[in-house]
Every structure is written in C-alpha cells, then in structure tokens.
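**Student:** From first to last, the protein sequence lines are chains A and B.
FYI, in the numbering used here the residues of the first sequence are 1 to 111.
FYI, in the numbering used here the residues of the second sequence are 1 to 115.
Any given hint could turn out to be false.
What the hints assert, rightly or not - Within a straight-line C-alpha distance of at most 27 angstroms, the following computed DSS-like cross-link-like pairs (lysine-lysine) qualify:
| no. | chain 1 | residue 1 | chain 2 | residue 2 |
| --- | --- | --- | --- | --- |
| 1 | B | LYS44 | A | LYS98 |
| 2 | B | LYS44 | A | LYS42 |
| 3 | A | LYS42 | B | LYS71 |
| 4 | B | LYS9 | A | LYS98 |
| 5 | B | LYS44 | A | LYS45 |
Read the hints as simulated data drawn from the structure, not as lab findings.
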Amino acid sequence: RKEVEQDPGPFNVPEGATVAFNCTYSNSASQSFFWYRQDCRKEPKLLMSVYSSGNEDGRFTAQLNRASQYISLLIRDSKLSDSATYLCVVNGPDSWGKLQFGAGTQVVVTP
Amino acid sequence: DTAVSQTPKYLVTQMGNDKSIKCEQNLGHDTMYWYKQDSKKFLKIMFSYNNKELIINETVPNRFSPKSPDKAHLNLHINSLELGDSAVYFCASSQDLAGFTDTQYFGPGTRLTVL
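One chain only, chain A, in its complex shape (with noise of 0.2 angstroms):
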C-alpha cells in the first residue's frame, strides 16, 4: 500500500465553481501535512500547510481528519489559473524533512 494515495483526476471544473479532493495516508502517527502545486513540467511549491483544526487561505481551504487518516483540500471560485497538480504530502515521525509525495490529483478550470 503506498504512503500516501490521492485520485489522480482530472477533475474538470467549470471556472468560479468549487472542486474538493482528498488525500489518504497510511502512517497513523505522521505529524506534519502539507499541500503543494506542480503545474505542468515545474517544480513542486508549497501551497499551504494543513492544520488539525483545518485552516483557510483565501479560496483554499484545507481539513485534516486523523481518524479516517485523510486530509482534504477545496478550491472555491475556480480560476483558470488554479489548474495544475496537487500534491499530498505527509511528514511522518520518524522523518527528518523525508516528506512522502502522493502521485498528485490534476485539477483543470475551464472557462
């Protein structure tokens, strides 16, 4: 079973609608979460960290819930530019920055 497991998508979104996916980890006692960008053939960049009481950032709003081992993410108001690969990223406690990378969930805004 992999680390961290995220439907690949694509999830087609109409621009201004709202889109959620999730994310499941299999390490019950992983300590830091994270959600990170890629857009097509660029570098990972970090988009915003996951908090246990869930945590907003602008249209992004993310939610961690430690008993089903899942974090969530949800776009609100859907911009074109909002297309690209989401990353599920789980810090574990053993790890010392070794952060495990889902395969990324593909998100695509159309107008």
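Got chain A; can you put chain B on it based on the hints?
**Tutor:** For chain B alone, kept in the frame of chain A given last:
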C-alpha cells in the same frame, strides 16, 4: 533571482555514460535534498544533506553519488546510466533538518533521458 537553481535543465545521454547534475541555493538554508520524479509522477526522496553531512540516503543504487562541497551546493553524479534512470530530478532546500513545518523549496528540475 532564482532561489534554487539546477543545471542542466535537460540531459539526454546514452546508456552506460556518467553524468552530473548541479544544484545551488541562495536562501542560506542548511538542508538540501535530491528527489526523483518518475513517469508516474511520484516524487521520491533520494538523499538529504544537512550542513554538508549526509543525513538521508534512501534505497538508491550506489551508481548515484551525491556530493556537497558546501551547504549551498549539492551535486548528483550518476555512473553507468541505465534506461530506468530516465526521470526528472529535483533539488530542494529547507531551512533546517526538522522538516515538520519547514517549507521545502524546489529547483526547476533536470529532465534526464537515457537512450
């Protein structure tokens, strides 16, 4: 002003050759990493250095040898290249080793194609 830079951006070479990829960061970070992203898009850590000291060494063939001449540079040398080495190699850096909250900043990647 690029924070993490890698050279070359593209590398096409024959099986059996030896090649190097260079990485430099100007963020003043103590920790640098090499990741491999294969055709299935999984990013996997290969190595991590903290202040020039090897900290993480995942199960990587010993044909891959990282070298950190100083904490701003982390190079990757690959001997006897194989077809399966074709991938995008990303360098990254973070402020320190803890990694629990530190953002990792990635370089633009080196797309290696082995023919």
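**Student:** Against this structure, judge whether each hint is valid.
**Tutor:** Against the structure, the hints come out as follows:
Only pairs whose Cα atoms come within 27 angstroms are accepted, and LYS44(B) paired with LYS98(A) is accepted, the gap being roughly 9 angstroms. In summary, the hint linking LYS44(B) to LYS42(A) is supported, as the alpha carbons are separated by about 16 angstroms, within the 27 angstroms threshold. The suggested pairing of LYS42(A) with LYS71(B) holds, with an alpha-carbon distance near 24 angstroms, which does not exceed 27 angstroms. Between LYS9(B) and LYS98(A) the CA atoms are separated by roughly 24 angstroms; this keeps the pair inside 27 angstroms, and the hint holds.
Note on LYS44(B) and LYS45(A): the hinted pairing holds, with a Cα-Cα distance of about 15 angstroms set against a maximum of 27 angstroms.
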